[in-house]
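Protein chains: 2
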Amino acid sequence: MDHLSDGDIEINLKELSDWKRDEKFIMRRYHFPSFIDAMAFVNHVAGIAEQTNHHPFISIDYKVVTLKLTSWHAGGLTQLDFDEAKQFDRLYKT
Amino acid sequence: MDHLSDGDIEINLKELSDWKRDEKFIMRRYHFPSFIDAMAFVNHVAGIAEQTNHHPFISIDYKVVTLKLTSWHAGGLTQLDFDEAKQFDRLYKT
Numbered sequence: 001m002d003h004l005s006d007g008d009i010e011i012n013l014k015e016l017s018d019w020k021r022d023e024k025f026i027m028r029r030y031h032f033p034s035f036i037d038a039m040a041f042v043n044h045v046a047g048i049a050e051q052t053n054h055h056p057f058i059s060i061d062y063k064v065v066t067l068k069l070t071s072w073h074a075g076g077l078t079q080l081d082f083d084e085a086k087q088f089d090r091l092y093k094t
Numbered sequence: 001m002d003h004l005s006d007g008d009i010e011i012n013l014k015e016l017s018d019w020k021r022d023e024k025f026i027m028r029r030y031h032f033p034s035f036i037d038a039m040a041f042v043n044h045v046a047g048i049a050e051q052t053n054h055h056p057f058i059s060i061d062y063k064v065v066t067l068k069l070t071s072w073h074a075g076g077l078t079q080l081d082f083d084e085a086k087q088f089d090r091l092y093k094t
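If you read the protein sequences in the order shown, they are chains A and B. Residue numbering for the first sequence follows the numbering used here, starting at 1 and increasing by one per position. Residue numbering for the second sequence follows the numbering used here, starting at 1 and increasing by one per position.
Errors might be hidden in some of the hints.
In this list, chains with the same sequence are indistinguishable; a pair is considered to hold if it fits within one copy or across any two.
Claimed, not checked - Straight-line Cα separation of at most 25 angstroms, DMTMM-like style, residue types lysine to aspartate or glutamate; simulated pairs: (1) Lys93 / Asp2; (2) Lys93 / Asp22; (3) Lys63 / Asp8; (4) Lys24 / Asp83; (5) Lys93 / Asp6.
The set of hints was computed from the structure by calculation and includes no laboratory data.
Construct the complete structure from the given sequences, taking the supplied hints into account.
Structure (structure tokens):
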């Protein structure tokens, strides 16, 4: 899978208003009422990552979880990153 | 609880050879054979953090977990950070 052009990345980002681009990554912070809620979210994220074999960089700063996605094999962002970002956002809503 | 002096931090760090000081933090990277193993470790770390009500900054980069500890209430490193670091190391060994 080839990485996306800057134009395609911009189009994809318009659908993901809470995500920001950071060079070869897209990233988002998620806020939770407690550390336990944050960890529950991280465990669901890990399940999705294993299913798709596409693992985000995850950080947990007490009640704040940050996810960063890129496609190493493509040397940049691919559709896979944006599809997975949408999955994480749907998970967060529920 | 007051934060430790530089001298006391050095003494504590001698017992924790895999940890490095980074300003107000101590940090260590742990390597795992798989992402699932890394996540299992993180979940145990989270359990310890909840028990002690002292939460490290956690990051998960596929098979590598980084933990960073500091004591916000003391404005620096306290004995609590070093005691918890030892708990995480014991957990890693098992």
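- Where does the structure disagree with the numbered hints, that is, which hint numbers, in rising order? Violated: hints 1, 3 and 5.
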